[in-house]
Amino acid sequence: MVAHLLRLKLTLLRNGLKRSPWQLVGLAFGGLYALGLVGMCVVLLVLLRQEDPGLAQTVVVLGGSAALLGWGIVPVVASAVDMTLDPARFTTSAVPMPQLLAGLALGGLIGLPGLATLLVALGTVVTWSRGVLPAVGALVGALLAVFTCVVFSRVVTTATASLAASRRFKDVSGIAFMVPLVLLGPITAGIFQGMAGSGAFLSELAGRISWTPLGAAWSLGGDVERGQAGPAGLKLLIAVATLAALSWCWKLLLERALVTPPYAGSSRRKGGRLGLFALLPGTPAGAITARALTYWFRDPRYSGSLVVIPLLPVVLAFQGSQTNDYGVLMITGPLTAFLLAWSISGDVSYDNTAFALHLAAGVRGVHDRLGRALACLAFALPTVLVLAIVPFFIMRDWAWWPSILGLSVGVLLTGLGLSSVVSARYTIAVPLPGDSPFKKPPGNVGQTLAVQFGGMGVLLVLVLPEAGLVLAQVLTGAPLFGWINLALGPVLGAALFIVGVRVGGRWLDARGPELLAQVTVNR
Amino acid sequence: MSTPLTALSIRGLAKRFGTKIAVDGISLDVPAGSFFGIVGPNGAGKTTTLSMATGLLRPDFGTAVVHGVDVWAQPLQAKKLMGILPDGVRLFDRLSGEQLVTYAGLLRGMEREVVAARVGELLAAMDLSQDAGTLVVDYSAGMTKKIALASALIHAPRVLVLDEPFESVDPVSAANIRDILDRYVATGGTVIVSSHVMDLVQRMCDHVAVIAGGRILAAGTVDQVRAGASLEERFVQLVGGRSRTEGLEWLRTF
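So the protein lines, in turn, are chains A and B.
Heads up: the first sequence begins at 1 in the numbering used here, then just goes up one per residue.
Heads up: the second sequence begins at 1 in the numbering used here, then just goes up one per residue.
So here's chain B without its partners, still in its complex pose:
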């Protein structure tokens, strides 16, 4: 199924933690050059799915193929193609921002001169030049997210997998990052982002998949999925679980 035009192809990925089935057979094709959003409520299995697709978490069943390379059969080759921003993992935060991005580049086996040039540009693009020598442990949450993103971009990957990239990032930096990602997609790169900010996904992405309870509820272009409604309305409709706003009468009795 994976043609050269498919950046990431997932087939029947499943993962169980103890008795809880976190991901229940997800199959998905991400076209090359697309800006692909993955949305879902908390605990839907977004992070688990992305971890399995990027080689960080071994799936119980299923395969993930990046540009024709099987992630779990040839992990080293597949990881060369991917830039990953995992959610909820620590960084080597006793390094300065500059050292951390340099480290990420050298780990990928890049030339030192290339790394040095790119680190300078990335830090400038992320508006972190003034804090390049500050230890990452002293960064704010938003700055930490940005430096992690810079570490994921350093080797110019063909596919970017970003788990909650805009969490606690200030609006100006978020706009800058979106510009970077838009230009990256325009030149043929593929971006996969997970988020639960529907507005953002609707404005930013051209494709979207809705995940809940470890399954895909809908997938396709943003216009196909939202079918005339706003993405948020459609999402609530698909996922369900809106509690009726009865009760709490006392809240209006002040």
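Chain A extracted, bound-state conformation:
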């Protein structure tokens, strides 16, 4: 039965790859990335063999504990857990529980994260192959640790399965995950700076952690090497007990999960709250603006990109603090303008087949385009204005503000106009409604890349006048160019905005059904 489950997992993986060559490409890239990472870790572990045992112990225990934590946390927040062997699917097959547990645990090792962890864990055996006993200790510890990782992640996902199935949790965790992702650079830099200053602290921390379930298994090799038989025996007990306790928890949770369907409820709410639909004009374009704005705040695929905006200046300011040159902050405004304007270039793709309502209602193309563009403009314009001006307060150098402000507004309006045209004609691969913003979207990756890069290229050409004026000011240093830019940006941008909405509207009128057919493919 265990072998049967493993075969099932492999078959599912193979059939998934057969479905499209892109899947294979994705796995190949993921594999290369993982291989590089694993290779680096293994090389590090092999090199540690020559180092002082204390240092090696600190690195192995801390690294291993972090990996174990990662196995517990990442699947929940990224909602990226591999559900091909979802226990719920075995409800009707009456597999005996011990076999099911063993099969699912071993199945958890098949796949990139499992294999990578196993390989790196086995690398620690090399670190401690300074004698037979330490090597054996490290091997036992590594195997215990790897299974603890798998079982821990299963416990966490099974325990939160009913929670994770609720829409609200998915929405919030998807957005929350954005924050550390964007701030990854500053965070890691901070950690490394902290580390450099406190080597002693780290080795003491590793010593403490090695007595907890997190690090016990990882510390076996090191303790045996240093001849600490007593502590090593105790830690072996801790590690085994941890795995046993987690397995027992998993068994209980699984037994419960198999008989209770996931919680799906949310309380019923009476009406009377029309929200933005009551505030904005009761016209087709006004309704579309209200709908799009509601989506910006309610749909994690939209609001996820909103979370990035306030983090952008933080990342840039961090960059500036490293070099003590805050000039880089000036690009916050134009960059934000570009990101926000371009974010609606896949608006119809985001609607997916819900776009059929616009088509069935006979909405005029120009109303559709205008409504969507105004929704974005409603919050993008204030945001861009603020982010274009604030850096100058920090830099205390006001020479560039007219030029940057003109460029920012120009990019925003031009981008919105261009997006209105692009999304009326081309669809791109985006996560489906209700999916996590991180989920790999179905659809044609080639066309997506072509549309995205082609569109950005055109945008670059369209904002050449503003960019040229910035360049002219750089070359001549004459503030006059900045003032011209301040006037030109909004005027040219507004003109292109109107042209974009008009042209996009006409294209939509002509090709609405074809557009619907295109998004239907990615249903």
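Please note that a few of the clues may not be correct.
Claimed, not checked - Derived list of chain B stretches under chain A, where covered just means 3 residues or more per stretch with a C-beta under 8 angstroms from a C-beta of chain A:
(1) 87 to 98
(2) 132 to 144
(3) 199 to 210
Just so you know, the hints here were simulated from the structure itself, not pulled from any lab data.
Glycine included, every Cβ here is placed at the ideal spot set by N, Cα and C.
Keeping the supplied structure of chain A fixed, place chain B upon it in accordance with the hints.
Below, chain B alone, put in the same frame as chain A:
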């Protein structure tokens, strides 16, 4: 051919997807004030035909005319006359039920006050008043179908085109919806429904067309088509493809 008494007139509609011919030249007249059922096996071309007749899918050949307005020559005017419930499309499900129906009304260019009044009545009729503020994404399948139907009714269309309207709707709501549709037809509206529940069509509709393999096999009043037999018997006879119940002997060996 389309007289004022014809609500929907389809001539030679055809559509091909790749090498598969989904709809192979369908012509059909739906009389005004009729309750018209379109039945057919899975993959017969029902949804494709209705999508082409309502302006959602451009046909390769043929025309569709609604109350004298060509759907593909004057789409905006034709869509004003039609209320459409497409099958298998998503809704803007991050809106609450109430917001979604309001949105559908405003998109049609209706006055806000009119929309507000009708939304309240529609939600009550669909038994959704208690869930008006709940997001559509949290609705059950049957509730989703009902809210989509409400969105199709909001502008009081002359022709209603409903693709599988009763799928996963509970019996009580289905009966309520049928009452609404019966009253709508009695006052001169036209309803076109597709379904593969023969019983329902036989009880509910006065006209029926049988589609299979992208062609019309029979069309007319329900009594003409079923010719004395039950609609289900007649349908199986027309469409064929019943597998003989031999084999599976082991199923009786427990």
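Unsatisfied constraints (hint numbers, rising): Hint 3 alone not satisfied by this model.
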